[in-house]
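Spelled out from the first residue to the last, the chains are:
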Amino acid sequence: MTENDKASSRPTVAERSPSAAITVDHLVKLYKQTRAVDDISFSLPRGSITGLLGGNGAGKTTTIAMIMGLVLPTSGRVQVLGHRMPEESASVLGRMNFESPYVDMPMRLTVRQNLTVFGKLYAVKNLAGRIKELADDLDLTDFIDRANGKLSAGQKTRVALAKALINQPELLLLDEPTASLDPDTADWVRAHLERYRKQNDATILLASHNMLEVERLCDRVIIMKRGRIEDDDTPEAIMARYNRTTLEEVFLDVARGRKEAVR
Amino acid sequence: MTDISLHRGISVHRIGAMILRYWYLLLSSWPRLLELLYWPALQVITWGFLQVYIGQNANFFARAGGTLIGAVILWDILFRGQLGFSISFLEEMWARNIGNLMMSPLKPIEFLLSLMVMSLIRLAIGIIPMTLLALFLFHFNVYALGLPLIAFFCNLIFTSWSVGIFVSGLVLRNGLGAESIVWTLMFAILPLACVYYPVSVLPAWLQTIAWALPPTYVFEGMRALLIERTFRIDLMLDALAINAVLLGASFWAFLALLRSAKKNGSLLSGGE
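Protein sequence lines, in the order shown, are assigned to chains A and B. In short: position in the first sequence from 1, add 37, done, that's this note's numbering. In short: position in the second sequence from 1, add 616, done, that's this note's numbering.
Using 30 Å as the maximum straight-line C-alpha spacing, the simulated DSSO-like pairs for lysine-lysine come out as follows:
| hint | chain 1 | residue 1 | chain 2 | residue 2 |
| --- | --- | --- | --- | --- |
| 1 | A | K262 | B | K879 |
| 2 | A | K69 | B | K723 |
| 3 | A | K193 | B | K723 |
| 4 | A | K169 | B | K723 |
| 5 | A | K187 | A | K169 |
| 6 | A | K69 | B | K879 |
| 7 | A | K162 | A | K187 |
| 8 | A | K162 | B | K723 |
| 9 | B | K879 | B | K723 |
Partial list, derived from the structure: chain B residues whose beta carbon lies under 10 Å from chain A:
| hint | residue |
| --- | --- |
| 10 | H629 |
| 11 | M634 |
| 12 | R637 |
| 13 | L641 |
| 14 | N713 |
| 15 | N716 |
| 16 | M719 |
| 17 | K878 |
| 18 | L883 |
Label pairs and their computed distance ranges (CB to CB):
| hint | chain 1 | residue 1 | chain 2 | residue 2 | range |
| --- | --- | --- | --- | --- | --- |
| 19 | B | R845 | A | K187 | 49 to 59 Å |
| 20 | B | A865 | A | D221 | 47 to 57 Å |
| 21 | A | G119 | B | L643 | 36 to 46 Å |
| 22 | A | R183 | B | R648 | 14 to 24 Å |
| 23 | B | A857 | A | D173 | 49 to 59 Å |
| 24 | B | L658 | A | D176 | 42 to 52 Å |
| 25 | B | F665 | A | D179 | 48 to 58 Å |
| 26 | A | K162 | B | L792 | 31 to 41 Å |
| 27 | B | L792 | A | R183 | 22 to 32 Å |
| 28 | A | V65 | B | L822 | 43 to 53 Å |
In case anyone wonders, no lab produced these hints; they're calculated from the structure. Here the structure is a predicted model, which means the values were calculated and not measured. We put the CB at the ideal spot given by N, CA and C, even for glycine.
All chains, please: the whole structure from these sequences, using the hints.
Structural data, given as structure tokens:
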């Protein structure tokens, strides 16, 4: 048997984890000469919260964008809720959602109008009831009829989160969900995400620079550097491996090229 | 929720959601609403008085009453039809909302269909008052053209959608740095479509290019109707055939540019 034969007979990540929420298999993204994502593979079980960590340009946003189908991989496979992306995206886009600082909600529409439009796009049942429920949960009631452009950063983040939750997604992709928020609002958003995951058994993948956030929320951490996966484990196991007490210290070790204490 | 689906899973609900989104947007800004009326009104008043002046001093134009105002109204259908399509699209780029839409269940064809409906709504808001102004100020009743007007309108709006779809694809692929093409491409068609003069005025080699454009057939057809009192259905059918090819080609180009934008990663940035 040749090496190629061995490689092709080896089960893919998707085959090894058929019930996973997300499987990423030898994913590569090249932008001209730059390898933004360089042969990464992982599988996320349903109901898990995973943090994607890494410095600027580590490939986190590109990875999430490929999972959503907004960016086409150069090679490799992505499977979401049992469907190949982007080929079978029509079967799965209604069951997932995302929030990112790279996209905005239309500024001149009110919060209620924005949620109505997205609710209709996602074919949400009893939309008025769902909007009221989200307004109560995320404390939007006071400004629900105000234009999105007239909200504070914290209010906009809560509205973006409401949009991301409008269809009660089974899979939630979050890119820097608490960026530019004050500590109180950020803590409040994190608490809401934890509650949502527990109540709905949802899978959450979040990219973040906030190590405390990842420590608090995530039961697994994938650390990326220059497009590759540097480490992938529970926060506790990673901290132990680097002989550190916080993920922030681990992050600095990885960013500055210091190896883990024990492998 | 029961979803009303058409061919290949096209959802009327999702198209309706996008139309609702643009309707909210339109109503949220009275200056933008006023702008829809302002330019067509200015056009018809300027060209209407020019027509009156020329008509008083030239026998041919006195005989061919209405060709200038008619041309202005039909040109505005073409130009504002494309702008109505493209501005709704640009609103998504300006609002950095494309990422939200592209990862929602909204399909590209549904997105384009909603933009087509919005171009009709925006056009109606601008053009209907324009035609009434032409009627009251210059006694030119465009509706008196009757059934041919429907043929003219359909051919012009199909061309405007083709151009709108194509330039939207370009902006999607290249970001807002390509925005100027939205405002200027139609003006490249203006001299070749022979809006204000017959095709015979052009040199022979340019006439070949002019006849490749559906609006040329419409403006020739309008002049035949107003001057010779003949409805040239052959011109309309030729225009329709070219429009069918252009619409198919523009949709194909949009999908190719969307795919290229996904390869390039520009859907997330959307900037220049």
